[in-house]
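Participant: Okay, here's what each chain looks like letter by letter:
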Amino acid sequence: MARIKYKTLTEQMFYILMCMKNECCGIDIMEMVAQMTDGRVTIGPGTLYALLGDFVKQGFIRETAVEGRKRSYILTDNGLAALKEEYERLRVQVVDYEKNM
Amino acid sequence: MNKDNDHMKVSRAVAYDNLETVEKYLEEMAGKGWMLKNVAGATQFNFEKCEPKKLRFAVEIFSEGSIYDTYTIESNQEYIEYCQKAGWNFICSSGKLDYFYTEDDNAPEIETDPAMKLKAIEKAQFTLKILFPLIFIGMGAFNLGIQLTNGLNALEASVFHFSAAMLWVFVGGLYVVMLITYLLWRAKARAAVAKGDRIPPNKANLSFKGGYTLLAVFGITQTVIMLVVGFKYDEKEVLTIPIIWVFIILMIIAGNALARFAEREKFSRGAYKLISIIMIPVISSIVLIGVIFTVVMIAGSNTGSEQRMDAKDMEVFGDSDVFVRREGSDTHWGHFLLSYDRYSLTAYDEEAAEGLEENGIMTIDEENGIITLDAGITQSWEFDIYKPKIRTIYERLMDEARKGTYRMLSISFDFDNAVHVPEYENGGLLTVLNDKGNYEDGLQKYLIYDESTIICLSCNEDLSAEQMKVIEKSFIQ
Numbered sequence: 000m001a002r003i004k005y006k007t008l009t010e011q012m013f014y015i016l017m018c019m020k021n022e023c024c025g026i027d028i029m030e031m032v033a034q035m036t037d038g039r040v041t042i043g044p045g046t047l048y049a050l051l052g053d054f055v056k057q058g059f060i061r062e063t064a065v066e067g068r069k070r071s072y073i074l075t076d077n078g079l080a081a082l083k084e085e086y087e088r089l090r091v092q093v094v095d096y097e098k099n100m
Numbered sequence: 000m001n002k003d004n005d006h007m008k009v010s011r012a013v014a015y016d017n018l019e020t021v022e023k024y025l026e027e028m029a030g031k032g033w034m035l036k037n038v039a040g041a042t043q044f045n046f047e048k049c050e051p052k053k054l055r056f057a058v059e060i061f062s063e064g065s066i067y068d069t070y071t072i073e074s075n076q077e078y079i080e081y082c083q084k085a086g087w088n089f090i091c092s093s094g095k096l097d098y099f100y101t102e103d104d105n106a107p108e109i110e111t112d113p114a115m116k117l118k119a120i121e122k123a124q125f126t127l128k129i130l131f132p133l134i135f136i137g138m139g140a141f142n143l144g145i146q147l148t149n150g151l152n153a154l155e156a157s158v159f160h161f162s163a164a165m166l167w168v169f170v171g172g173l174y175v176v177m178l179i180t181y182l183l184w185r186a187k188a189r190a191a192v193a194k195g196d197r198i199p200p201n202k203a204n205l206s207f208k209g210g211y212t213l214l215a216v217f218g219i220t221q222t223v224i225m226l227v228v229g230f231k232y233d234e235k236e237v238l239t240i241p242i243i244w245v246f247i248i249l250m251i252i253a254g255n256a257l258a259r260f261a262e263r264e265k266f267s268r269g270a271y272k273l274i275s276i277i278m279i280p281v282i283s284s285i286v287l288i289g290v291i292f293t294v295v296m297i298a299g300s301n302t303g304s305e306q307r308m309d310a311k312d313m314e315v316f317g318d319s320d321v322f323v324r325r326e327g328s329d330t331h332w333g334h335f336l337l338s339y340d341r342y343s344l345t346a347y348d349e350e351a352a353e354g355l356e357e358n359g360i361m362t363i364d365e366e367n368g369i370i371t372l373d374a375g376i377t378q379s380w381e382f383d384i385y386k387p388k389i390r391t392i393y394e395r396l397m398d399e400a401r402k403g404t405y406r407m408l409s410i411s412f413d414f415d416n417a418v419h420v421p422e423y424e425n426g427g428l429l430t431v432l433n434d435k436g437n438y439e440d441g442l443q444k445y446l447i448y449d450e451s452t453i454i455c456l457s458c459n460e461d462l463s464a465e466q467m468k469v470i471e472k473s474f475i476q
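Sequence order for the protein chains is A and B.
The opening position of the first sequence corresponds to residue 0 in numbering that gives the first Met the number 0, with each subsequent residue numbered one higher.
The opening position of the second sequence corresponds to residue 0 in numbering that gives the first Met the number 0, with each subsequent residue numbered one higher.
Don't read these hints as lab results, they were simulated from the structure.
Small disclaimer: the values here were computed from a predicted structure and weren't measured.
Glycine included, C-beta positions come from ideal geometry on N, C-alpha and C.
Certain hints may be false.
[Stated by the list, open to error] Once the Cα atoms are required to be at most 30 angstroms apart in a straight line, the calculated DSS-like pairs of lysine-lysine come out as:
no.: 1; chain 1: B; residue 1: Lys118; chain 2: A; residue 2: Lys69
no.: 2; chain 1: A; residue 1: Lys20; chain 2: B; residue 2: Lys84
no.: 3; chain 1: A; residue 1: Lys69; chain 2: B; residue 2: Lys84
no.: 4; chain 1: A; residue 1: Lys56; chain 2: B; residue 2: Lys194
no.: 5; chain 1: B; residue 1: Lys52; chain 2: A; residue 2: Lys98
[Claimed, not checked] With the C-beta cut set under 7 angstroms, the calculated list includes, among others, these residues of chain A facing chain B:
no.: 6; residue: Cys24
no.: 7; residue: Ile26
no.: 8; residue: Met29
no.: 9; residue: Gly67
no.: 10; residue: Arg68
Start from the sequences and build out the full structure, keeping to the hints where you can.
Facilitator: Here's what the structure looks like:
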């Protein structure tokens, strides 16, 4: 399974982590992201499944409940930190753009 | 292809680095009114008749899957539910792959991160496309390296060695091509992913038919050539070559049968593991034995003995005619090359040699240190004999002999007729062939193992214990 080696998060990772601010079911994230972005960002089910596994290993999210095969997750402090870091990076990018363009 | 009105079976290779081709194929089939029902034994696609439909297919690697049994893994069920939620209908699992289809043009692709997808492909392909090629290229290079550093003589003069080398060139060459094309594709795919493009499919995969055709053409060609040449030159070892091919075919059939059986009987994951635990050591030991066997064969064929017998010791043989002779039927005369430096002048029967020389059978070139015989027997002490069977090779060897660069080749013996002599077991081993092992009545044959070399002595009388002791002392360390 792919591991997250880079400090920067891909757009898909960013949105998946955002969805998990409140406890939610992994399988629902595809729809949540589509709604959140008006369909601009789509996350394939295979990619989502793999990323959830990676995030748990990485300690970005933790499992909160298992109902049959449905697993729910919530963001951890590590995950929040990663999300904030990415946010800061994007913000700096925006500021730089405004300064220079 | 096996077909009736409602069902069709098609065998097809599935390459994990070119799954797009499989998806397109399944789309075409659905368009023609054949819907995939399942995939048996990784390569057999079973179709069922349906209304021609425009469908999208997705063949996805499930990395946590097992090559034997992916479907029943709990996490795969979860993965399938994710895909169903996104609008994909599950068809079947085969190997580490899950097969899906959808009628919905808007369903998102299952893998939307090319970098992760590429990693999954690379992980799934590592054993087949990197590890196997490296192992086989290594084994081939090792084998060919030994053969070539020992000189070309063994390769040229022994059909068995030549065919073994051919096999390694074929297998090694195939894997070199496989490895290079895969690495080139991998570099291209990584570059594409870095740019944010789609992963290009690896077009350099052999199709099912192509692979088997290549194997069959090589196997049949090699077997036929080896059998014809082997029988012509009376080398029965070459019979092992067809046996190797029969073994390969049996392995393919047995592997497929086992996979089908396991599928039908719904073997548990544990049972699959058990099969692999048993199969892997069995196959590895067979490969290992094969490697050791060829190494021993090669080593044995190229080591000459430097042993000489003292003139004093030879006196015990009195008037007995003791000589080295070649093996094989008497109808099989060939060109012989004797090594001068292994030739004992003291025991040399000058009278007999003159007779041989007069008849043009034997020529002695003392200046270059070569004695040539065009007959099978020399009445002299001689401990090694080179037996090239093909005229051109003989000539080349003669040339090498003049330069002093040639090596010895051992002779094959009929060990079924050998009688073991326990008292000569210490150090070396002396085996006496009984009458049945001789091609000429009244000749007793003594085989002496000296390290990896076999020295053959023939005598018209049984050697006495005293004579045996001399031989033992002279040849056995």
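Participant: So, as I understand it, the hint says A:Ile26 touches chain B; can you test that by seeing if any CB pair is closer than 7 angstroms?
Facilitator: Holds, about 5 angstroms.
Participant: Next pair to validate is A:Lys69 with B:Lys84; report whether the Cα-Cα distance is within 30 angstroms.
Facilitator: holds, 12 angstroms
Participant: Holds or violated: B:Lys118 and A:Lys69, Cα atoms, limit 30 angstroms.
Facilitator: Answer holds: B:Lys118 to A:Lys69 is near 26 angstroms, not above 30 angstroms.
Participant: B:Lys52 and A:Lys98: Cα distance at most 30 angstroms?
Facilitator: violated, 55 angstroms
Participant: Could you grab the alpha-carbon distance between A:Lys56 and B:Lys194 and see if it respects the 30 angstroms cut-off?
Facilitator: OK: A:Lys56 and B:Lys194 at ~28 angstroms, within 30 angstroms.
Participant: Any CB of chain B closer than 7 angstroms to the CB of A:Arg68?
Facilitator: holds, 5 angstroms
Participant: For a C-alpha distance cap of 30 angstroms, please report whether A:Lys20 and B:Lys84 respect it.
Facilitator: holds, 22 angstroms
Participant: Quick check on A:Met29 please, does its C-beta sit within 7 angstroms of some C-beta on chain B?
Facilitator: holds, 6 angstroms
Participant: Hold the hint about A:Gly67 up to the distance rule: shortest CB distance to chain B must be less than 7 angstroms.
Facilitator: Status violated, d = 9 angstroms.
Participant: Under the criterion of a CB-CB separation shorter than 7 angstroms, is A:Cys24 in contact with chain B as hinted?
Facilitator: violated, 10 angstroms
Of the numbered hints given earlier, the model fails hints 5, 6 and 9; all others are met.
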